[in-house]
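Engineer: Residues per chain, in single letters:
Protein chains: 2
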Amino acid sequence: MPNNTLPMPATQATTLPPTPHLMIPGPTPLPESVRLAMGRPGIGHRSPEFGQVLERVYPALQTVFGTTQPVFVFTASGTAAMEAAMVNTLNRGDAVLVLVCGVFSGRWATMATKLGMAVDTITVPPGEANTLTSLQHALANKPNHYKAVVLTHSETSTGVLNDIEPMLAAISGYGALSMVDAVTSMGATPFPVDTWGADLVMSGSQKGFMMPPGLSFLSVSQNAWAAYERCDYPGLYFDFGAYKKAQDAFSTPYTPATHLYMALDEALQIMLTEGMPNVWARHRGLRNTIRQGATQLGLELLVSDDHHASDAVTSIKAPTHMDVPTIRAGLKNTHGIVVANGQKELKDTIIRIGHLGYQTQREATMVLSALQQVLTP
Amino acid sequence: MPNNTLPMPATQATTLPPTPHLMIPGPTPLPESVRLAMGRPGIGHRSPEFGQVLERVYPALQTVFGTTQPVFVFTASGTAAMEAAMVNTLNRGDAVLVLVCGVFSGRWATMATKLGMAVDTITVPPGEANTLTSLQHALANKPNHYKAVVLTHSETSTGVLNDIEPMLAAISGYGALSMVDAVTSMGATPFPVDTWGADLVMSGSQKGFMMPPGLSFLSVSQNAWAAYERCDYPGLYFDFGAYKKAQDAFSTPYTPATHLYMALDEALQIMLTEGMPNVWARHRGLRNTIRQGATQLGLELLVSDDHHASDAVTSIKAPTHMDVPTIRAGLKNTHGIVVANGQKELKDTIIRIGHLGYQTQREATMVLSALQQVLTP
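In the order they appear, the protein sequences are chains A and B. When we follow this note's numbering, the leftmost residue of the first sequence carries the number 14, and every step to the right adds one. When we follow this note's numbering, the leftmost residue of the second sequence carries the number 14, and every step to the right adds one.
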């Protein structure tokens with residue numbers, strides 16, 4: 014039973030349904046200026062006007078990533094950016110270690126195997142974080158064996174935040190390339206790519222960047238570039254060389270999704286105006302409010318440990334008296350708030366509240382109040 | 014010197030610059046409803062609301078392509094769709110014949126070579142069309158040799174329309190797969206994919222579909238599917254199997270560019286409401302008006318033969334008294350009309366007027382009047 018610490022009036026029936034508010038772990042709500050940028054007239058992708066968009070976007074992405082290395086922009090999803098990282102730096106047969114802690118990190122193991130890599134995995138149960146000790150153990154067991162180690166910063170399917178800074182140091186010391194899924198962490202959680210020494214870091218537009226899906230981002234270190242030069246990848250669309258050459262000239266190698274770039278330009282300006290330390294603090298505050306509120310409502314968090322709790326998405330276990338579909342339907346139909354369920358074995362066990370991108374404390378308290386009303390019999 | 018058949022008042026200087034109107038061969042201008050769809054709020058890509066978009070979009074694309082086979086939608090450019098066609102149906106070392114008649118068909122030869130195929134090309138000078146005779150000759154010379162033949166319907170860099178119907182019959186009779194670049198022809202020129210027996214046909218969103226770039230389309234015949242099942246392509250993001258499975262369930266395998274799909278939904282409704290025969294007739298009318306008008310202005314067309322002139326883009330040679338940059342600057346700065354120059358060896362030789370997508374007779378006469386004024390000393 015919910016533990017009501019505040020008296021809460023019962024919801025009155027209304028006939029005007031509210032505009033849906035997304036609190037899934039991406040896509041996120043969109044700021045007005047981002048939506049207006051999406052609705053602009055057609056623009057030539059080789060025009061000076063579009064070149065000016067690229068001149069702003071490329072360095073702003075480097076600021077968010079905390080890197081002086083190039084951050085490539087692909088017209089494609091985050092899955093494509095991870096595939097691009099692998100095919101541009103690894104050859105068939107190369108040994109890869111994948112740290113698995115959920116659906117998305119599991120996908121990277123599947124992908125590496127399909128691409129012909131020799132894949133080892135270290136898997137923890139969903140809701141738990143990968144550990145430095147098990148990584149160190151695996152690396153020590155097979156010296157000079159792995160060409161790359163794949164990590165997930167914030168696992169979108171569980172809301173686990175892996176403590177990747179010491180892991181990146183271990184991988185770097187071992188001499189392997191690090192490939193980091195920062196899809197839901199970049200722009201929500203501090204991840205200074207150069208300082209932490211990460212080689213290939215990927216993210217997606219519909220997450221901390223508070224814009225629609227369709228673009229993905231990939232930072233490429235000098236070590237990763239050296240691996241690219243030894244790699245026999247034959248493809249064109251994701252070829253690093255083509256992106257590097259175009260990016261140096263503030264262009265794109267193939268026809269870009271122009272309107273998504275213009276939306277990205279607006280979103281990056283909003284983020285950098287707020288200031289990245291403030292952006293990160295806002296996400297941490299939203300995480301804390303939602304975790305504390307859920308606990309006060311008598312609910313159990315999937316990730317019990319604050320240190321490993323994502324700043325982007327919080328997984329809450331369904332209580333015994335109400336199942337996941339009923340909670341989601343109540344939130345959506347009565348309150349117009351869309352939250353996610355779990356994936357695979359967690360499908361009917363948890364709800365996932367996304368609090369990344371264009372979200373404020375108002376939305377955090379809104380979803381908690383709505384959740385309280387839905388849970389009250 | 015222009016041959017003025019109508020008296021034309023001199024342009025008066027104005028201080029309010031006109032909104033740029035795109036008459037390049039893609040991206041094209043956007044209808045209002047397409048722009049408004051782009052500016053909608055965020056939407057979950059696994060929501061029932063987005064599923065309804067896919068339920069409309071997939072069959073409507075089949076109607077435009079004239080096929081009962083699946084038309085896959087990639088969040089990626091047309092280049093990616095061509096790469097997807099090759100990697101999903103061919104193995105390294107397979108022999109491929111590429112008919113080259115310009116920059117884009119040249120790119121397909123480069124791509125096939127980079128992907129490890131054994132590539133032969135038949136190349137005609139830019140502005141000329143590939144011939145059935147040379148294709149038949151090449152096929153007869155090497156029986157049972159080629160696994161695929163790559164054709165271009167409308168070559169964007171020159172404005173040539175290849176007469177592909179008999180070529181497709183020849184390829185089919187030979188037993189090879191046909192791969193057709195229909196980037197600027199689909200939605201502008203009749204191309205009944207099933208009737209003509211084309212195996213892999215690709216197009217892009219920013220062309221006849223009058224929406225922003227970022228999506229590409231690829232129809233896959235049963236023969237192409239059989240080739241896929243014999244192919245050892247290891248990638249994930251462009252894997253036909255994943256798209257087929259998702260499409261059958263009105264879903265997408267990876268996170269789609271939601272707002273581009275919503276724009277596509279609007280654009281397809283506009284196209285099917287106009288009716289495809291009317292859409293094609295409109296493009297043919299625009300082509301005829303611009304070709305006749307240019308000739309009346311005393312200008313020479315790059316493609317002299319009406320039968321091989323694209324319905325999407327018309328290349329006009331610069332007259333001796335004015336160079337390409339001056340013409341383009343005059344059209345853009347005084348009239349707010351953006352046309353393209355040539356590419357590679359045609360860079361400073363031709364202007365290319367795009368008349369595909371959201372264009373009407375009003376725009377055809379507008380660009381001709383503006384051109385007449387620019388050319389008048």
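Just so you know, these hints were derived from the structure itself, not from any lab. Source: prediction; values computed, not measured. Just so you know, not all the hints are guaranteed correct.
Copies of the same chain are indistinguishable here, so a pair counts whether it falls within one copy or spans any two.
Unchecked claim - Below are the DSSO-like pairs computed for lysine-lysine, each with C-alpha atoms no more than 27 Å apart in a straight line:
| hint | residue 1 | residue 2 |
| --- | --- | --- |
| 1 | Lys330 | Lys127 |
| 2 | Lys155 | Lys357 |
| 3 | Lys257 | Lys345 |
| 4 | Lys360 | Lys257 |
| 5 | Lys127 | Lys345 |
| 6 | Lys258 | Lys360 |
| 7 | Lys155 | Lys257 |
| 8 | Lys257 | Lys160 |
| 9 | Lys127 | Lys357 |
| 10 | Lys360 | Lys160 |
| 11 | Lys160 | Lys330 |
| 12 | Lys155 | Lys345 |
| 13 | Lys330 | Lys257 |
| 14 | Lys330 | Lys258 |
| 15 | Lys345 | Lys160 |
| 16 | Lys160 | Lys357 |
| 17 | Lys258 | Lys155 |
| 18 | Lys155 | Lys360 |
| 19 | Lys257 | Lys357 |
| 20 | Lys330 | Lys155 |
| 21 | Lys258 | Lys357 |
| 22 | Lys160 | Lys127 |
| 23 | Lys127 | Lys360 |
| 24 | Lys360 | Lys330 |
| 25 | Lys258 | Lys160 |
Engineer: All the hints need checking, so say for each whether the structure fits it.
Structural biologist: Here is what the structure says about each hint:
1. Lys330 <-> Lys127: neither (34 Å within a copy, 50 Å between copies)
2. Lys155 <-> Lys357: For Lys155 and Lys357, neither the intra-copy (32 Å) nor the inter-copy (52 Å) Cα distance is at most 27 Å.
3. Lys257 <-> Lys345: neither (44 Å within a copy, 31 Å between copies)
4. Lys360 <-> Lys257: between (41 Å within a copy, 24 Å between copies)
5. Lys127 <-> Lys345: Neither: 38 Å inside a chain and 50 Å across chains, both beyond 27 Å.
6. Lys258 <-> Lys360: Answer is between: at 21 Å across copies they meet the 27 Å cutoff, but 44 Å inside does not.
7. Lys155 <-> Lys257: For Lys155 and Lys257, neither the intra-copy (34 Å) nor the inter-copy (40 Å) Cα distance is at most 27 Å.
8. Lys257 <-> Lys160: For Lys257 and Lys160, only the intra-copy Cα distance (23 Å) is at most 27 Å; the inter-copy one is 33 Å.
9. Lys127 <-> Lys357: within (21 Å within a copy, 39 Å between copies)
10. Lys360 <-> Lys160: neither (34 Å within a copy, 45 Å between copies)
11. Lys160 <-> Lys330: Neither. Shortest intra-copy (38 Å) and inter-copy (54 Å) distances fail the 27 Å Cα cut-off.
12. Lys155 <-> Lys345: neither (50 Å within a copy, 63 Å between copies)
13. Lys330 <-> Lys257: For Lys330 and Lys257, neither the intra-copy (45 Å) nor the inter-copy (34 Å) Cα distance is at most 27 Å.
14. Lys330 <-> Lys258: neither (48 Å within a copy, 31 Å between copies)
15. Lys345 <-> Lys160: neither (46 Å within a copy, 52 Å between copies)
16. Lys160 <-> Lys357: For Lys160 and Lys357, the Cα distance exceeds 27 Å both inside one copy (30 Å) and across copies (41 Å).
17. Lys258 <-> Lys155: Close neither inside one copy (37 Å) nor across copies (39 Å); limit 27 Å.
18. Lys155 <-> Lys360: Intra 36 Å, inter 56 Å, cutoff 27 Å: neither.
19. Lys257 <-> Lys357: So Lys257 and Lys357 pass the 27 Å test across copies only (21 Å; inside, 38 Å).
20. Lys330 <-> Lys155: neither (38 Å within a copy, 65 Å between copies)
21. Lys258 <-> Lys357: Close across copies (18 Å), not inside one copy (41 Å); limit 27 Å.
22. Lys160 <-> Lys127: For Lys160 and Lys127, the Cα distance is within 27 Å both inside one copy (17 Å) and across copies (24 Å).
23. Lys127 <-> Lys360: within (26 Å within a copy, 43 Å between copies)
24. Lys360 <-> Lys330: within (11 Å within a copy, 62 Å between copies)
25. Lys258 <-> Lys160: Only inside one copy: Lys258 and Lys160 sit 26 Å apart there, 33 Å across copies, limit 27 Å.
Hint compliance for this structure: hints 1, 2, 3, 5, 7, 10, 11, 12, 13, 14, 15, 16, 17, 18 and 20 are broken, all remaining hints hold.
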